[in-house]
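Q: The chain contents come next:
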Amino acid sequence: MSTTQKPYHFLIRRAHSLLGLVPIGLFLTFHMFLNLTAHGGAEFYDKVIGTMQSVPGIFIIELVVIFIPIAIHAIYGTWVVYTGQSNVLRYKYARNWFYIIQRISGLYTVVFIIIHVYLMRFVEANFSALSAFLSQPLGLILYALGILFAIFHFVNGLWAFAITWGLTIGPHSQKIWMYAMVLVFIFLSAIGLANIAAFL
Amino acid sequence: MAEQKTIRFKIRRQDGPDKPSRWEEFDIPYREKLNVISCLMEIQKNPITAAGAKTTPVVWECNCLEEVCGACAMQINGQGKQACSALIDKLTQPIVLEPLTKFPLVRDLMVDRQIMFDHLKTVHAWIPIDGTYNLGSGPRMPEVTRQWAYELSKCMTCGCCMEACPQVNARSKFMGPSAINQVRLFNAHPTGAMNKHERLAPLLDEGGIADCGNSQNCVRACPKDIPLTTSLADLNRETNKFALDRWLRK
Ligand code: SF4
Ligand code: SF4
Ligand code: FES
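Top to bottom, those sequences are chains D and L. So the first sequence is numbered by this note's numbering: it starts at 1 and just counts up by one. So the second sequence is numbered by this note's numbering: it starts at 201 and just counts up by one.
What the hints contain is simulated information worked out from the structure, not anything from laboratory work. One thing to keep in mind: the hints can contain errors.
[To be verified] As a list, the in silico DSS-like pairs of lysine-lysine whose alpha-carbon atoms are at most 27 Å apart:
(1) L:K321 - L:K245
(2) L:K321 - L:K219
(3) L:K396 - L:K354
(4) L:K441 - D:K175
(5) L:K233 - L:K424
(6) D:K92 - L:K424
(7) L:K321 - L:K233
(8) L:K396 - L:K321
(9) L:K373 - D:K92
(10) L:K290 - L:K321
(11) L:K424 - L:K373
(12) L:K245 - L:K290
(13) L:K290 - L:K424
(14) D:K175 - L:K210
(15) L:K321 - L:K424
(16) L:K290 - L:K354
(17) L:K290 - D:K92
(18) L:K210 - L:K233
(19) D:K92 - L:K354
(20) L:K450 - L:K424
(21) L:K219 - L:K233
(22) L:K373 - L:K354
(23) D:K175 - L:K219
(24) D:K92 - L:K210
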């Protein structure tokens, strides 16, 4: 029997889990809150964006705190998706659905982030540009799904995070943590959708 | 006279690992309190399909007939179950029998579950007690520990949890929850705890505990009601501590 020692396997998996919360999940939450400023109108929003973009070294910060962690999480996550084999049609349990939705939402979020970053970084980042994009039905669906899937992926991942790190061990604590996560999902989704509404 | 009630079976047949598979249907005269194995025995006595064609008897495995050996695991109506404790009166018909999909097929409903025993070896699922002299009696096990550890010891290596686990498949090396659960069992034993590290270390490797995807199908599929997800989460905590400690001591 071959027991090929892959000493980094455990480390990579745990790093993947940790990156999902710090920094990616925290950034997502921050992002959702920051975009509430869109409710202050086009001028105010553009000013906030301008301030953010003029922070010295913002590119480095974005690279290290946002892009690299997301890239690692996304690339390894895609490998994780590949090594799974859903059987939700034979085992129709809620958690088994969450297992597959976690994977679908992850893949969708990667595609969404690429489009989102392309539009914001390389096309035009201001209120009216986003407003115009969201006025097309397809653009609206892309964004609404992207926000909801990203939040789901984060929140469901946070549920599993508590198991991965040995915090919630028994079924009862896992259930209570799940109820807490449902509340977080509703809360963040409300903010995310309100953000979209501000541009309509 | 009232018409004889029958039980309809739909069985996936395959003469060997490289042979094509086919479906065959059978009608078994109804009796009360039959289980899937007793129906397969009827087919063995009289291997005639529902359409009246003569065929070979269906091949399956069984041993204890009381849900303790694990041998008779197969897919019953799409889920891994023990055929000996699958009561006909509780199943919807036609009753569909298929081999487990996570193990190499031998013939018909019989698969080779050797990989599960290999995993038990990988994680050292035993307690070494032999010495060159009498080592005396070991430490006592606290009664509170014994109570939950007993539940973990009920595992019969049937493979129902492997069948239900989306992370166990041809593309992954995941050992599945049953071997991992045995690590918790043997590490809970006061004598077994002396070799804790030998069981935790393999869990850090590829195919180990980090490959679990938290779908929690396993705990629902286990016929022995073993709290597999509790064992997984508990060992997540233990492996995290163990890995960090091992690294810090390097
Ligand atoms: S919880 Fe883990 S071990 Fe259990 S079925 Fe899901 S992926 Fe497999
Ligand atoms: S843990 Fe349960 S389902 Fe898995 S092999 Fe053991 S008895 Fe069977
Ligand atoms: S024959 Fe032993 S478990 Fe079914």
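Q: Look at each hint and say if it fits the structure.
A: Taking the hints in turn, this is what the structure says about them:
no.	hint	in the structure
1	L:K321 - L:K245	violated, 39 Å
2	L:K321 - L:K219	violated, 31 Å
3	L:K396 - L:K354	holds, 20 Å
4	L:K441 - D:K175	holds, 24 Å
5	L:K233 - L:K424	holds, 21 Å
6	D:K92 - L:K424	holds, 20 Å
7	L:K321 - L:K233	violated, 39 Å
8	L:K396 - L:K321	holds, 14 Å
9	L:K373 - D:K92	holds, 24 Å
10	L:K290 - L:K321	violated, 37 Å
11	L:K424 - L:K373	holds, 24 Å
12	L:K245 - L:K290	holds, 24 Å
13	L:K290 - L:K424	holds, 18 Å
14	D:K175 - L:K210	violated, 39 Å
15	L:K321 - L:K424	holds, 22 Å
16	L:K290 - L:K354	holds, 24 Å
17	L:K290 - D:K92	holds, 19 Å
18	L:K210 - L:K233	holds, 19 Å
19	D:K92 - L:K354	holds, 26 Å
20	L:K450 - L:K424	violated, 41 Å
21	L:K219 - L:K233	violated, 35 Å
22	L:K373 - L:K354	holds, 24 Å
23	D:K175 - L:K219	violated, 46 Å
24	D:K92 - L:K210	holds, 22 Å
Hint compliance for this structure: hints 1, 2, 7, 10, 14, 20, 21, 23 are not met, and every other hint is.
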